[in-house]
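Novice: The lines below spell out each chain.
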Amino acid sequence: MNRNYRFSSVILVVLILVTSLFTGCKGGKKSVDQSVKVKVPQDNAVILQDIKQAEKIFNALPSPIESAQLIKSAGAKFDEKLLNPVSNVNTYVTNKAMALNLGVYTCDLSFASMYEQTQLLIDYMNAAKKMADGLGILKAIEQDDIDKLEENINNADVIMEVVSQTFMNSNSYLQDNGQPATAAMVLVGGWIEGLYISTQLIDMKEFNGNKLVGRIIDQKLSIDILLNLLQGSKGNPAVDELIVQVAKLSDVFKKISIKSGPIRTEYDAASNSTMLKSEVKTDMTPETFKELSIVVADIRNSFVK
Amino acid sequence: MRIFKTLPLLALFLFAFSGSVDAQCKAFAKKECLPELGIYTHDGNYHAAVLVEGEEAELYKTFYSDMEYRVAIIGEDKLPMVEFKVLDANKNVLYSNKDKDYAKTWDFKLQSSQQLKLVVKVSSFNKPGDTPASGCVAIMFGFKMKK
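Those protein sequences? They're chains Z and E, same order as listed.
Read left to right, the first sequence gives residues 1 to 305 (my numbering).
Read left to right, the second sequence gives residues 1001 to 1147 (my numbering).
Just so you know, these hints were derived from the structure itself, not from any lab.
All residues carry an ideal CB built from backbone N, CA and C; glycine is no exception.
Careful, some of the hints might be misleading.
To be verified - Facing chain Z, a subset of chain E residues (Cβ under 10 Å, in silico):
#1 H1042
#2 A1048
#3 A1057
#4 F1063
#5 L1079
#6 E1083
#7 Y1095
#8 F1108
#9 L1110
#10 S1112
#11 N1126
Could you put the whole structure together from the sequences, leaning on the hints where they help?
Specialist: Laid out in structure tokens, this is it:
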């Protein structure tokens, strides 16, 4: 082996180890919902291959905006009492509480915006801003955004654009500044709030055939994504606590049955869109639903207390 | 042997300067990827990473039967073509943009909600000896209510 070549190999390994240590101290880099595994090469012959094979995995939970849209599309009614009161905003002082409630308030404001609850939307945007400011997320939600909301309060498209933009600002800031655990907590807060609102909106007298029940069952499809997202920041004490809570939720979801047949695609040239067709059979008993509601409420209430 | 001289520099660049690279990725995603969503509402999530040619990334996401979706996947100009495939839980390929001249977006809707996997791969310029190209790849999702 060429001597210079061997020397540069040693430097490379040392550099990777040192830089990995630094990024490790930041709690990981790259992105919130992404775990990146980097293998240190054993010899130079595999360096290029190892760089190529470095795994990048994104675990994409439904955003609070998508969760709110799902509730609205299921025909559910708006109920302000289910939201986390903005008066709680000053009680959140830890990084974990602010991150979780940034997600919770973003879901609440999305929910309010879907139902054209304009004053509530502004109030919740201010609450979310306070959480983002507390987390040190620069320019995530600016006064200009709130002014834009007030000026376009009857324009649903502009409102959704502002909500989506501010959530992306928070999300990307945390990813780009080595705070994947905090970013994961924001997403978890939003997802749990959406599930909490959904379960609370179910009237047991209308359980069978309820479209919103169907959307709640669908959340089983995201529970492993949620756990993988949190596992990416395992070792962080706040995240470890969440993993225990979400594992309990996962145990209840295991009692729900989803059986999916093969998916076939059907392209529609007129709309330039593809339909993914499949038969799915789901089953959730009222008892399992009640158990799920209790577990979700316990977790959510631990976030907002 | 040139590749062995350039790889340590590439590794140093990728690891030590990842913060500024990530910030550039965000700007790229906002400028180039977001507009591709068109009339679809961006879900607010942000997925972007620096990939080296030949490298793959995977994304797992649940898609709902009530919605119509557009996925936009854009790589920086300095990268070779970016391939993406959409697979079901049984690893069947439902869509590959390679069959559509490396289209940057795909519109779809579902009869029933499904968790799908997206595999994104930066193809290769196939120029042995050259420093492998690296650049930002952004993935974004938009949705709208099903008609």
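Novice: Compare the structure with each hint and give your call.
Specialist: Hints and how they fare:
no., hint, verdict
1, H1042, "holds, 5 Å"
2, A1048, "holds, 7 Å"
3, A1057, "holds, 4 Å"
4, F1063, "holds, 8 Å"
5, L1079, "violated, 14 Å"
6, E1083, "violated, 14 Å"
7, Y1095, "holds, 7 Å"
8, F1108, "holds, 4 Å"
9, L1110, "holds, 5 Å"
10, S1112, "holds, 4 Å"
11, N1126, "violated, 13 Å"
Of the numbered hints given earlier, the model fails hints 5, 6, 11; all others are met.
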